[in-house]
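So the protein sequences, as listed, match chains A and B. Quick note, the first sequence lines up with residues 1 to 277 if you use the working numbering. Quick note, the second sequence lines up with residues 1 to 99 if you use the working numbering.
Worth flagging that the hints you see were computed from the coordinates, not collected in a lab. It cannot be assumed that every hint is accurate.
[Unchecked claim] Derived DSS-like pairs: lysine-lysine, alpha-carbon spacing no greater than 25 Å straight-line:
1) A/Lys227 with A/Lys200
2) A/Lys172 with A/Lys200
3) A/Lys209 with B/Lys76
4) B/Lys76 with A/Lys200
5) A/Lys172 with B/Lys19
6) A/Lys158 with A/Lys216
7) B/Lys76 with A/Lys275
8) B/Lys19 with B/Lys76
9) A/Lys200 with A/Lys275
10) A/Lys72 with A/Lys54
11) A/Lys200 with A/Lys158
12) B/Lys95 with B/Lys76
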Amino acid sequence: MSRSESLVSADWVEQNLANPKVVLVEVDEDTSAYEGGHIAGAVRLDWQSDLQDKILRDALNKADFEALLSSKGISNDDTVVLYGGNNNWFAAYAYWYFKLYGHDDVKLLDGGRKKWELENRAQTTDVPNRPATKYQAKDQDRSIRAFRDETIAAIGSKNLVDVRSPDEFSGKLLAPAHLPQEQSQRAGHIPTAINVPWSKAANEDGTFKSDAELEKLYADAGLDTSKDTIAYCRIGERSSHTWFVLHELLGHTNSKNYDGSWTEYGSLVGVPIEKGA
Amino acid sequence: MCGAPAQTPTLPANVDVEKETVLYGTVTKDGAPVPAAYVRLLDGAGEFTAEVVTSATGDFRFFAAPGEWTLSVMHKSGSVRQPVTATGPGLVEAKLALS
C-alpha cells in the first residue's frame, strides 16, 4: 500500500460527492457528532454499538460484519472512504477492520472531521437512504491482528510500539485524559516497548505527516523495520492509527495491531509490566 | 445572579473529585461561548495528552493529574494557547478566549 492508495484529501472527497461508487462512512465514538452535521451522503458507523460484538469482547464475527455492511448499503466493489472525530482514531480502527475482513478499496479522509470543520466545508443533517446490499466478507486476515500470547512472546524480540501518551506509558495516567482515570487494570507498559505517541504521526489539524517525517519519527525511536511490529494502545483504536501509518503509508507490511491492547494486557495475571519513561 | 455558586462541570456520578484532577472551563470568542472548538491538553513537555470538542455551551473537561499542563484550542474563528497548573486532585478551571 501507499499514501496515494490509502489516503484521500478533503478536495478529493468534495470532487467525488456524486460518485456512486464512493461511499463515505463517518465513524465516531460520539454518535451525536453525526446528527449535528456530516459530509453529504455519509452513512454512520458507531464504534461501540456497530463495531463491537454485543457479548464477547471482540470484533464482530464475519457474518455480523456482512450483515452490518449490507444494512448500510455498502457493496464489495465500493470505494469506502472513512472519516471521523478524535483525529480519525475510530475511522482508522474501522479502516483496519475493513482490511481485516478483506475489503480491497478503502481509504481514510486525511484530517477527518476536524480538518473538514476547521476549513468550514459543507455539512448536512440529511441521512442518506442506501438500499441494502449482500456484502460478502473474507475470512479475517490474521497477518494484521495480534493477540495477547503473540504480544507477550514479542517482548525483547519484535518491535512493540506503545502509541499512548507519555503519561499513560509511564503509568502516571491509566487512560487518555478526556476519560476518568479510575480503571481496573494496572498502569505501565509492556517491557521493551518503545513509546511513539500516535499524535506524533499527525499534525495538529489531524492530517498525517509526510512519509519522510514519519520514517524519521520511527527510526529515531528505535523501530527496527527488519523485524515484525506490534502496535498497541489502550483499546486498539489509537494503535489502528499508527498501524495505518506503518502498514499503509510506509508499507511496513509486517505490522500488526494488538486490539486487546492495555485494557487486556494490564489486566492479565502475572505478565511483566514496566513503569517509568 | 447575586450569591450564585461558582460554575462547576457536570461530572458523571461515579467520578470522585477527591481522587480525580479535573481541568475544565469554557471557550469564548468576544464573550460568547464557542461550541465545536477543538481543545487539546498538552503535558509539561508539550506532548499531546488528549483532545475534546467543546459542547453546545462551549464547555470542555479533562481528567488529568497534578502538574503543569497547556491547553491549546483550534476553531475556524480563531485559536488560543494557555498554561494551567493543577496543584492536587480536585477541580481546576481555565477560561479560554479565542483571538
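Now for the hints, and whether the structure bears them out:
1. With a C-alpha separation of about 22 Å, the suggested pair lysine 227 of chain A and lysine 200 of chain A falls inside the 25 Å cut-off, and the hint holds.
2. Restraint check for lysine 172 of chain A and lysine 200 of chain A: the C-alpha separation of about 19 Å stays at or below 25 Å, so the hint holds.
3. Restraint check for lysine 209 of chain A and lysine 76 of chain B: the C-alpha separation of about 21 Å stays at or below 25 Å, so the hint holds.
4. For the hint linking lysine 76 of chain B to lysine 200 of chain A, the alpha-carbon distance of about 23 Å falls within 25 Å, and the restraint holds.
5. About 13 Å separates the Cα atoms of lysine 172 of chain A and lysine 19 of chain B, which keeps this hinted pair within 25 Å; it holds.
6. Taking the CA atoms of lysine 158 of chain A and lysine 216 of chain A, the gap is about 19 Å. The hint holds against a cut of 25 Å.
7. For the given pair, lysine 76 of chain B sits about 40 Å from lysine 275 of chain A by alpha-carbon distance, which is inconsistent with the 25 Å threshold.
8. Between lysine 19 of chain B and lysine 76 of chain B the CA atoms are separated by roughly 35 Å; this puts the pair beyond 25 Å, and the hint is violated.
9. In summary, the hint linking lysine 200 of chain A to lysine 275 of chain A is supported, as the alpha carbons are separated by about 21 Å, within the 25 Å threshold.
10. Of the supplied pair hints, the one linking lysine 72 of chain A and lysine 54 of chain A holds, its CA atoms being roughly 18 Å apart against a limit of 25 Å.
11. Pair hint lysine 200 of chain A plus lysine 158 of chain A holds up; C-alpha atoms about 21 Å apart against a cutoff of 25 Å.
12. Restraint check for lysine 95 of chain B and lysine 76 of chain B: the C-alpha separation of about 19 Å stays at or below 25 Å, so the hint holds.
When each numbered hint is compared with the structure, violations occur for hints 7 and 8.
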